[in-house]
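What follows is the residue order along each chain.
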Amino acid sequence: MRSLLKRLKGFVRSRSIHVTVVNTGGCNGCDIEILACYTYRYDLEQYGIYYHNNPRKSDVLIVTGPVTYQWREKLERLYRKVPEPKAVVAVGACACSGGIFNQEGGRVCGPVREIIPVDAEVPGCPPRPEEIVSAIVEVVPRLFRAWEFRRGSEHGAEAGG
Amino acid sequence: MLPDYLGQILTRKGGKRLLDAHSPRRILDRPPRFRDFPRIDLDRCVVCGACADACPVGEAENQPPALEMGDRGPVLHRERCIRCGLCAEVCPVGAIEVGTLAEEVKERVVPSKPARVVVDRDLCVGCGRCQEVCPSDAIEVDETASVDPERCVLCERCIQACPVAGAIKLIPLDVEELARRWTEHLKEALRRAREG
Amino acid sequence: MVEVHFHLDDRLTNVRVNLARVERPEECVACGLCAEVCPVGAIEVEDRVRLDEGRCVGCSLCVQACPRRVLRYYELTFEDSEPRTRPVQVPRAEPEVRSIRVDLDVCEECEGKPCLEACPEDVMRRVIEEHVIDLDACRGCLECVKVCPHGAVSIELDVPELETRDPPTLNRELCVECDRCHEVCPTGATENVPAGSPDPDACIGCYVCVAHCPTEALKRPDHRPRPRRTERVYFIDPELCIGCRICYEACPVGAVEIEEETRMPVITPSECVRCGLCAEACPTSAIDTVPTDRAEREVRRALVGNAFLRTLQELLRSRAEREFGSLEERERRLRRRLERKLERRLKREALRREVREEVEEALRELVLRVGLEHGEDLDRG
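Chains as they are written, first to last, in the numbering used here: chain A, 1 to 161; chain X, 1 to 196; chain U, 1 to 381.
No lab work stands behind these hints: they were computed from the structure. Treat the hints with care, since some could be wrong.
[What the hints assert, rightly or not] List time: in silico DMTMM-like cross-link candidates among lysine to aspartate or glutamate, alpha-carbon distance up to 20 angstroms: (1) A:K57 <-> A:E84; (2) X:K187 <-> U:D80; (3) X:K187 <-> U:E53; (4) U:K146 <-> U:E161; (5) X:K187 <-> U:E75; (6) X:K113 <-> U:E177; (7) X:K187 <-> U:E117; (8) X:K187 <-> U:E183; (9) X:K13 <-> A:E45; (10) U:K113 <-> U:D134; (11) X:K187 <-> U:D10; (12) X:K113 <-> U:E183; (13) U:K341 <-> U:E329; (14) X:K113 <-> U:E173; (15) X:K113 <-> X:E143; (16) X:K187 <-> U:E3; (17) X:K187 <-> U:D9; (18) X:K13 <-> A:E131; (19) A:K74 <-> A:E114; (20) X:K187 <-> U:D52; (21) X:K187 <-> U:E82.
Values in this document were obtained by computation on a predicted structure and should not be read as measured data.
All chains should be modelled from the sequences, with the hints used to inform the complete structure.
Put into structure tokens, the structure is as follows:
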């Protein structure tokens, strides 16, 4: 019974995902491509993924940009504000590896995954909208569907609370 | 209100919409001329390292460069690559393809020459006169001369300078035309010889 | 777009075309051997040989086979784009006689019997008078057939052994696979071009494919580099030449030869490819270009001069021998004396060296000892 409930919770969560887009100092190219995901051609909302831009109410944090020094602490704070269950998708070469800014002479805090845990990375400079769509649609619902079970194994008795 | 909503779902349009969401996903076709990640053909690679030199994404403390030279050719790190296409543009053998850019790059990097200059090793005496006059340093003289077809600009100065008849040859791409012209020329010469 | 030039005149300079010609048609006795050996059917024999020059590939087989030397072999070259024809020697095949037939009834009525005069081996006399046919003695010159006024003599000849030249060599780098050689080859020996060189078993050495190859991928085995322009040629000025032979080493085609008598280098104008390596290497700038005809004249003159010198030398030598006895004997004696002298001198030299080394050794020891003692003094001080 409890397992069924968990599955139901997971199902519901995976059908309604709210995202927040954070640009941590990139060139805006990735943001424009994310914007293109919500246009008629790709229409991310048809999968039940909504652009919300309020971290306290979102499930997914889409991070673009190489994380500048100014953004470092703010990104951590932003991540803490997103309620569980949450997922982070790093979009673009900058978010994945620091991109062209992360080489000799550049001053960035490196890839996003060194600052906050990242669930999916989409390489490309910028990535195509369909790459972003497939990353979010393939990875994130699966993550949320399994969330309750994963938490159960991690926290034992507290599960299902 | 609820009946309205249900009614909407139960119409054909509503049902279709319901089913469309979460319908099996297919990745949309890439638009033409889209620059994808470079595809590296290691069989054609000559391991010259020009692509790694041209790559704008250099090495960082914790990150490799986007294109790193391995033993067998360049290794691509996708998370670093910015898909600028410079590697494909500098590749001398056209071993790197970046989407449909490949065709254009081939046109520009390896323009098809209407002919090639070939040294006849049987006749070349290795005097080095061709090397002296070559404006693009395409000729190396060892025992005999040899022409680098990529550097050759078909100025024919070597042919003018060569003291030996036929030691440097210009072989046009249009072989049929060459064969036809030569046959005619030979026939004409023989006819003249017979009359004279 | 770069304009492509076809350097056809350059290519023509390297062309050598062979052809057979009917030189002495009156000598032909219509034996038909030439038509039999011709691989392209360019020869027809009725009462006389008729050669279709348009179809002839110049393989020289008919010239070799002809027992009467009716045909002659020529080489056509295009130096400076001007056609030039010169005769070429080919080995003549020994005819092999199969049968000799004489119509003796007609022969008896013949009065002069010119065949008896004409036959160099006395074969006809034995046939007519003794009725003996000696096939081995007959050399197959067919002179009897030629002179017989009644046409009573007929001699059949076997097809002799003929020499075919080596097949052309293929340079695969140059082959453009135009298949012209396949089209012109009379025997299909070039079928495996460009995979390999022409088939040596099928090739008859006519070199038609060589002439028709637009890129000279096929070459005669004896092909040598030829100059593009022949109006000027390098020439060694004998006044300036010091005989160091650096040019002899530098020449890539072996056109510089060392003269037997004078031991001086001479450039053969017909061999020189005008590359100028000798002129660059010459330490005294003795080599420069001169008009070819002048160089040829000079070289010929030098050759004549050398021949004269050689004759003079021999003359002097024989004269001297007559006067003073054998020169070789004198030379040997002189050499022995010199050797003995040298030996003595070497012995003396060795002794001197020995003494010197001993003295040096002693001195070195002395210096060492003095130095050591002195050093110890210093240490104490």
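Check your understanding: Any of the earlier hints contradicted here, and which numbers?
Key -> 4, 7, 12, 15, 16 and 18
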